[in-house]
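Protein chains in written order, with the working numbering: chain C, 593 to 911; chain F, 110 to 393.
Derived by calculation from the structure, the hints in this document are not laboratory data. Please read these numbers as outputs of a predicted model, since none were measured by experiment. Heads up, the beta-carbon is just placed ideally off N, CA and C, and yes, glycines get one too. Be careful, since some hints might not be right.
Covered stretches of chain F, going by a simulated chain C footprint (3 or more residues, C-beta under 8 Å) [said to hold, decoys possible]: (1) 226-232; (2) 267-277; (3) 375-381.
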Amino acid sequence: MSIRYTNKGDKATKTGFGEGLLEAGRRNAKVVAIGADITTSVGVNLFAEAFPARFFSLGIAEQNCVGVAAGMALEGKIPVFSTYGVFAALRAADQIRVSVCYNNLHVIIGGAHAGVSVGPDGATHQALEDIAIMRSLPNITVLSPCDATQTKLALLFAIDRIPGPVYLRFGREAMPDFTDEDQVLLPGKAQFLQEGNDLTIMAAGHLVWESLQAATILRNRGVSARVLNFHTIKPIDEKAIVEAARETGAIVTAEEHQVTGGLGGAVSEVIVRNCPVPMEFIGMNDRFGESGRPAELMAKYGMKAEAIVQSCLKVLIRK
Amino acid sequence: MMVCEKVTDPGILSEFARAIRRMVITSLAEAGSGHLGGSLGLADVFTVLYHSILKHDPDHPLLPDRDRLILSIGHVAPVLYATLAHSGYFPVEELMTLRKLGSRLQGHPARDHSLPGIELSAGSLGQGLSVAVGMALAARMDSKNHRIYSIHGDGELQEGSIWESAMSAAHYDLSNLTAIVDRNGMQIDGPTENVMRLEPLEEKWKSFGWEVFICDGNSIPDLLNTFQLVSMVRSKPSVIIAKTLMGKGVPGIEGNYRWHGKVPAIDQVEEFLAELDKSGGALR
């Protein structure tokens, strides 16, 4: 059975993050936000305008931002700190490790500007290693929602329901917004988007939409591809992975991240322990990004639907 | 509210400090590794904090209105543990489990091991002041009157993140925050001024917008007086640059940076304790 997903209109996941933060601020007075200067480009400005007494500008000082968030969480606040993923997950990695994760505090870290779809700013600002670093830390939950609607819901869920540290990754560019406001979002559970028997595409973030397009192209070529959305990369949904391996016999992972250490790595770790099947990996192949238009870069680095189709055909040969 | 009874008599406090130093020496010798020099040097600061400055209750470690103490330099955990045990947070005998498998007394303080009185798992240098700033901001948001104290090493001030947090504390006028710098002038590789110059340290903090106090961190009367002055500061954070002697109390090792990360052998303990009993204590 195939479901047709409709793009409600292109919208940046950072916009979903901003809307979710504003909504969380309305619902819960404990929610506070911390900004490191770039508040508008990481979706914190709406909250800052609506709740100035609960917004703290700390300047371009990410390590301090994370530590301050930890201190606030110790006092019962629910701090949301958002900046570019490279600066949150890499610059402040030790603060996230010790002050937040070792202390197991409910701090939400928003990692903006994920992937090469950041575009013209180029390699320094394109987060491509953040998932690898974040998911290796004990206690943390790592989320990578697929569109603006899901990003908003994921942030609300992270604030309301996940007790410990959360890293929530999102992008800059307007991308198809196709999931429903009333979807059931269960962190830790992969979202079953498309049934299929021949292989499974496991995707995260912006590449979920591309994977759905790839599945449509494959169907026209007589290949039935299952599509799973891994909005939660840690904890990874082992059951969905093992079921997909057993039932479809081949896997392609797709993410805007290095192929080492990200979703592909997380899926591989489950597969080799349970049910080895042929796999292919869509992602950055151990190199830095560069400047260009988002669509150009995604095409160049093999992250558009057609490249996913090619990987699927390749993995089927090995099945 | 039940709080720990405050002691202000310098003679009694001096005896407390000596008792805490004994516990530091014996627990570190038993552990076989750890940081003796800084732990001994800070014994007077910890004694004064826990016995006459902090509002706290060993029977209710999570009392909402307690003053918070963040130990940013987790490696001097032995003096924190000894002071907590001396104050009644847990049995003194437990100090002998320091650094051992299964102990609540981890090499660096750890909240997840349920030791009462530990506010923060810490030990990676340069992070505690940020956490203290977050706690101070939260206290102010909630109109709470408790104070936040953080303890730092002078070598730790070489971490850039310290100055990020120093800037933010002054930006938000956090008068409920007091940082204490253990200015013993030593770090693992030698004198701080050789490893990486910190002076002029007073001017650095002043230029960042802090009220600066300099005191003899091994003089109980001077410490009592300085904390009194700190409590009167309005609209800016305070830092106490506490000049201490690494290894204070055991003359044979005082001021010797080689004792930063070293402990006495078991058969040296009696000698160290004898030296400690002979030394004048912190009354001067």
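Structure-based check of each hint:
no.: 1; hint: 226-232; result: holds (count 5)
no.: 2; hint: 267-277; result: holds (count 6)
no.: 3; hint: 375-381; result: violated (count 0)
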